[in-house]
Amino acid sequence: MNRLHEGGRWWRVCLIAGALAITGLFLVLPLAMVLIGAISKGIDVYLAAVTERHALAALRLTLTVTAIAVPLNLVFGVVAAWCIAKFEFPGRSALITLIDLPLAVSPVISGLIYVLLFGAQGVFGEWLGEHGFRVIFAVPGIVLATIFVTFPFVARELIPVMQAQGRDYEEAALSLGASGWQTFLRVTLPNIKWGLLYGVILCNARAMGEFGAVSVVSGHIRGKTNTLPLHVEILYNEYNHAAAFAVASLLALLALVTLVLKTWVESKAHRDRQAANNTTNDEILT
Amino acid sequence: MTTPTQIKPKPKLWRVSGTLPGFGLSLGYTLVYLSLIVLIPLAMIVLRTFDLSFAEFLAKVGSPRALAALKISFGTALIAASINVFIGLLLAWVISRYRFPGCRIVDALIDLPIALPTAVAGIALTAIYAPNGWLGQWLVPLGIQVAFSPLGIVVALVFVGLPFVVRTVQPVLQDIEHEQEEAAASLGATAAQSFFRVTLPTVAPALITGFALAFARGVGEYGSVIFIAGNMPMVSEITPLLIVTQLEQYDYAAATALALVMLIASFALLLAINYLQSRLASRGTR
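Chains as they are written, first to last, in our numbering: chain A, 1 to 286; chain B, 1001 to 1286.
Since the hints were made in silico from the structure, they are not lab data. Positions of the beta carbon are idealized from the N, C-alpha and C atoms, including for glycine. Treat the hints with care, as some may be off.
[As the list claims (entries may be wrong)] Across the chosen pairs, the derived CB separations fall in these ranges:
no., chain 1, residue 1, chain 2, residue 2, range
1, B, V1046, A, D272, 20 to 30 Å
2, A, E52, B, Y1098, 41 to 51 Å
3, A, A32, B, G1028, 45 to 55 Å
4, A, F89, B, A1272, 23 to 33 Å
5, B, P1233, A, G219, 15 to 25 Å
6, A, Q121, B, G1028, 54 to 64 Å
7, A, F89, B, A1281, 16 to 26 Å
Modelling step: build the complete structure from the supplied sequences, incorporating the hints.
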């Protein structure tokens, strides 16, 4: 044991230095680049870039799309996790794989599939055109693509949490006369709240930041179908780097908030789990 | 006085175990939502490809430009995932074994590539490695051209794939009984022997799973790559970008055919990953 630790001291310093170097090179440097690039031309340019008309329109669209996509996938995630985690049925693991599918698909394909359905040459394209609806190169397409790419996030977090919880508490509540809804709201929900919050945080970050899928269906109409990430791309391709990094810094800020919230939720969930373990241990002892 | 009624299990046509309510409703909702958002749209790619004869399909997918793009996508993703195995193992080891100033910040930052929108990562990495960038100005005179070359694609894919290896290996490293390693040391094993004979075989399944996850993500990645790649056909053009280019030229058939190849590859990867993860989980339950 001593040998392991003393012989390891030199190694330990090297390994920690290596890890810090990799973190610095791959993680801290890009983040610093965004923040420093944003204010490279001064604070006035920064403020002008983030309060410019098209930037504000992009922000509004990003928030709207997220406000539609996240609740829909939240409801789906809870319902899907309930049926997958609380019941055994044939085809269950196939269902889990299908729910994970959007994570494995390239973002570009996530956009392409809706173009094939609703685009001018798509299956419903003609009908939509006749009735004056636009899905592709319009907001509905962006919403659909965003729902697709964030589809599994909540379900994925909840399924293992609900499975670990088992069915005993719910069955006890039901046998004591609670209704199905009461059982869900009073028994299940408090037990899964951290997992739920965790999934929503990840879902939200991806919904606001999605680029590939949205880029295929958006059509890049300034002020109309540009989300924040697409606005960053346009500014960058116009060689307006300071403005591009200024708008990007808003998204980087979102990423940092996401990381902080995520760490906080993880520590909360960890503490709850330990508290639960302690009470069961106490019950065993008494 | 009424006696408590005995709950009799209802006769079931289809074997479903679990006495909780809401199975039919939750499964129905899950299947409908899954079909509308994911399955039917994805099926469009398969259906649209059937519009082509097999010879046409081969001609689209086997064109020199498409083959080069596929080779670049899969090749760079393979290299990046391999690099991630090493640096992911290093980071996971350091985070789970050592306490040092800033270790919680490093731990939280690992998820940055998941939280940071890909377009933001793309422009930041490009600015860093461009010939006048923070690192580019030192690397380019040495003859190392990162930005606007296939090497840039690898750098971007290492960035986006970084969290996957770390987050699959980290829990396994935390779970390994310290006694196992200490026993090895007390029996006279050197630190290196104990690492290669005890630790490495235990984390190997997690490393493979992390590799597969990073690879799957890298093959389809779009946003972070297109800025840094330079996008020269035959040299540094990735498959998702070629799909987008073909869509913009209204060559739906070619885009769909390539998308089908990518879709099959990601589905195969997803099945492999699920299999690996289920093996990993069954190993975890002692």
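To see whether the hints hold, each was checked on the structure:
no.	hint	verdict
1	V1046/B - D272/A: 20 to 30 Å	violated, 44 Å
2	E52/A - Y1098/B: 41 to 51 Å	holds, 46 Å
3	A32/A - G1028/B: 45 to 55 Å	holds, 50 Å
4	F89/A - A1272/B: 23 to 33 Å	holds, 24 Å
5	P1233/B - G219/A: 15 to 25 Å	holds, 24 Å
6	Q121/A - G1028/B: 54 to 64 Å	violated, 33 Å
7	F89/A - A1281/B: 16 to 26 Å	holds, 20 Å
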